[in-house]
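Visitor: Sequences are here, hints too, so could you generate the full structure?
Residue numbers are given in the working numbering: position 207 of the sequence shown equals residue 208, and the series is strictly consecutive.
Keep in mind that the hints are not guaranteed to be accurate.
[What the hints assert, rightly or not] Restraint-style ranges between C-beta atoms, simulated for each label pair: (1) TRP126 to ARG215: 38 to 46 Å; (2) ARG41 to LEU277: 18 to 26 Å; (3) TRP126 to ARG72: 30 to 38 Å; (4) ARG41 to THR205: 24 to 32 Å; (5) ALA148 to GLY60: 21 to 29 Å.
These are computed hints drawn from the structure, not numbers from a lab. The beta-carbon is built from N, C-alpha and C at its ideal position, and this holds for glycine as well.
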Amino acid sequence: MMMVDAQIHVWSRNRPDRRWPQGRGQYSHGPALSAEEVLRVMDETGVARAVLVPPSWIGDDNSDSLAAARRYPDRFAVMGRFDPAAPDARVRITRWLNEPGMRGMRFTLHRPPWRTWLADGTLDWFWSAAEAARIPLMILVPGQLAAAGAIAERHPRLRVILDHLARPSGTTDDAAFADLDQLLALARHPNVAVKVTSLPSYSTEAYPFPGLHRHIRRVHDAFGARRMLWGTDYSRLPVPYEDAIRLFTEALDFLSADDREWIMGRATAEWIGWSL
2 MMMVDAQIHV WSRNRPDRRW PQGRGQYSHG PALSAEEVLR VMDETGVARA VLVPPSWIGD
62 DNSDSLAAAR RYPDRFAVMG RFDPAAPDAR VRITRWLNEP GMRGMRFTLH RPPWRTWLAD
122 GTLDWFWSAA EAARIPLMIL VPGQLAAAGA IAERHPRLRV ILDHLARPSG TTDDAAFADL
182 DQLLALARHP NVAVKVTSLP SYSTEAYPFP GLHRHIRRVH DAFGARRMLW GTDYSRLPVP
242 YEDAIRLFTE ALDFLSADDR EWIMGRATAE WIGWSL
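Guide: See the structure below:
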């Protein structure tokens, strides 16, 4: 079974020649995290690959992640950040996947200034363009699932991957899953998948995180293993990396061996077009 972590951030320090956008530093998971540090953790736990997602606090800067993918093309791929309001956005989107290592785009739509984009028209042109260019999207949309579902319905060839089960930041245990029914309703769209990433962050329990099991089972029942992408969001993971692995490889007894193969890596590879 090849394990592929569907979300890890790498980033450089905030420095004079590459300053982070004002006000974003409050969301940082730390001063910096290098690709080599991530590889050490992956190698220790048998994780073969990871999808690098540039973090929001450094702005729309994909350079650290793309550089890592160039250095280690067999280990890393990138879901890059994209500014749809940039003057050259409509041109850039047509050649987005030409960048070595780039597999798609990722949007964090749960905080200003991005939170209004689903409703204010900023992204109206974008969905059709991304669909035409066959660009997979990872989007973080807690509290905006109805809008995400409408986009998936209007654009059936657009691959939409919902980050962290669309759980709201800062919530834990059953409170974190209060609106899970809204997420499960989106399983009717075959072009929607879910990232089962960072789930220990939504639990106050230690491994094997028993309170998470029934919620994950409901997700599995609705979406199936082929639309569940395992990952850790390593830089904010509150438990050892191997515990986030064991949750799916050992603790969830309702998963078959085939389920685990899909969830732990094959689904990510299929959904972002990264051949195993």
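Visitor: Does each hint hold? Answer for all of them.
Guide: Hint check results:
1. TRP126 to ARG215: 38 to 46 Å: 41 Å, holds
2. ARG41 to LEU277: 18 to 26 Å: 23 Å, holds
3. TRP126 to ARG72: 30 to 38 Å: 34 Å, holds
4. ARG41 to THR205: 24 to 32 Å: 28 Å, holds
5. ALA148 to GLY60: 21 to 29 Å: This hint holds: roughly 24 Å between Cβ atoms.
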